[in-house]
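Given next are the chains, with one letter for each unit.
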Amino acid sequence: MTCKELTERVMAYRDRELPLHVRLSLQFHAAICSCCRNLLSTYDETVAIGADLANEEVPEEVAQLFDDMLARAMVDPEKPED
Amino acid sequence: MSANPLLDRLRARDRSAFTELCVAQRDRLYGIAWSVTRDRQDALDVLQDTLTSAWRSLSTLRDDTALHAWMGQIALNHARMRLRTRRRKPVEPMDDLDALFEADGHRRDDISAWPERPDDALDRARLARRLARLADRLPDDHRELWALADTQHLSMEEIAELTGLQVANVKTRLHRARLQLREWLALELGARP
Chain A
1 MTCKELTERV MAYRDRELPL HVRLSLQFHA AICSCCRNLL STYDETVAIG ADLANEEVPE
61 EVAQLFDDML ARAMVDPEKP ED
Chain B
1 MSANPLLDRL RARDRSAFTE LCVAQRDRLY GIAWSVTRDR QDALDVLQDT LTSAWRSLST
61 LRDDTALHAW MGQIALNHAR MRLRTRRRKP VEPMDDLDAL FEADGHRRDD ISAWPERPDD
121 ALDRARLARR LARLADRLPD DHRELWALAD TQHLSMEEIA ELTGLQVANV KTRLHRARLQ
181 LREWLALELG ARP
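From first to last, the protein sequence lines are chains A and B.
Numbering follows this note's numbering, in which position 71 of the first sequence is assigned residue number 71; successive positions increment by one, without gaps.
Numbering follows this note's numbering, in which position 47 of the second sequence is assigned residue number 47; successive positions increment by one, without gaps.
Each hint should be verified, as a subset may be incorrect.
[As the list claims (entries may be wrong)] Across the chosen pairs, the derived CB separations fall in these ranges:
#1 A:E5 with B:D110: 16 to 24 Å
#2 A:D68 with B:R130: 28 to 36 Å
#3 B:L122 with A:D68: 28 to 36 Å
[To be verified] Partner residues are not named here, just some residues of chain B that face chain A (Cβ under 8 Å, in silico):
#4 D27
#5 L44
#6 L47
#7 Q48
#8 W55
#9 W70
#10 G105
#11 I111
#12 R117
#13 R124
#14 L131
#15 R133
#16 T151
#17 A160
Keep in mind the hints are simulated off the structure, nothing from the lab.
The beta-carbon is built from N, C-alpha and C at its ideal position, and this holds for glycine as well.
Taking the hints into account, I'd like the entire structure generated from these sequences.
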C-alpha cells in the first residue's frame, strides 16, 4: 500500500469497513511510515475536535420558545387568524 | 387507514399528533438547523419555518413517509435557504489531493504529529470554534455533510436520506472534507500539514 492509497482509505479504516487483508496492509504501511501514522492520528483528532462542537447546541431558549413556535406554525392557511 | 396511526392523525391535522411529532424531533431539527447555519438566531428561524412548512404539508404525507426523515429534509432545505441569503466567507478551493503525492503514491511532504488536545473545556471549545471557522471555507455541500456527520453525529444512512445522495457519495465527500479540514487545521496549529 502507498501513502496515497492509505489516505484514500482512512475513513473506511476508522469505520472498520475494509476487508481484513486491506486492513492489515494499511496497518503494515502505517507501522513503517511515520507520515501516515501522523495522518491517522491527526485525522482522528480532526473528527474529535468536530465532535466538541456538538456540545454547544440546543440552547435553553429552544425549549422555552418551542410552544410559541408550534402555536405560530399550526395556523391553517385556509383559516387565517384575524 | 395506514399502518401508522400517527400518520392518520397527522393527515387529519390533529394538533396533538403534530405537537407530539415536533416535540420528539425538536432537538434533532434544531441540531440540523444550527449545524448548517452555525448561527443561533438563524437556527431558531429555521426551526420556526420548518414547523410552519411541515404543518402546511401534512396533506402530502404518504403511507410510506418516514416522518423523521421528512421533517429533517424540510429543516435542511430551510437551513440551506437561510445560508444562501447570508453572506458567508468566501469558499476556498480544496487542495488537489493528487498533487500531495509523488507518481509512485508516496507523500511529497512530511506530516507531523499535533500537540496534545487541551484538557481544559474552554480551550477545547476554542479549538472547536477554530475548526468551525475553517469549515466555513469548505464548499457548501462538503461543509454540510461534515456538519451533519461530525457535529451532529448523524449516520451516513441518515445523511443520505436527508440529502438525497447515495451513501457512497456521502462517505466520499465527508472524507474529502475531513482531509481538507485536517490540512488547514495543521497549518493553523503550526504543524507540517
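For each hint, the structure was consulted:
1. A:E5 with B:D110: 16 to 24 Å: 18 Å, holds
2. A:D68 with B:R130: 28 to 36 Å: This hint holds: roughly 35 Å between Cβ atoms.
3. B:L122 with A:D68: 28 to 36 Å: 33 Å, holds
4. D27: 5 Å, holds
5. L44: 7 Å, holds
6. L47: 6 Å, holds
7. Q48: 5 Å, holds
8. W55: Constraint on B:W55 satisfied, holds at 5 Å.
9. W70: 15 Å, violated
10. G105: 3 Å, holds
11. I111: Nearest chain A Cβ about 4 Å off; hint holds.
12. R117: 6 Å, holds
13. R124: 5 Å, holds
14. L131: 5 Å, holds
15. R133: Result: violated, 11 Å to nearest chain A Cβ.
16. T151: 4 Å, holds
17. A160: 15 Å, violated
Hint compliance for this structure: hints 9, 15, 17 are not met, and every other hint is.
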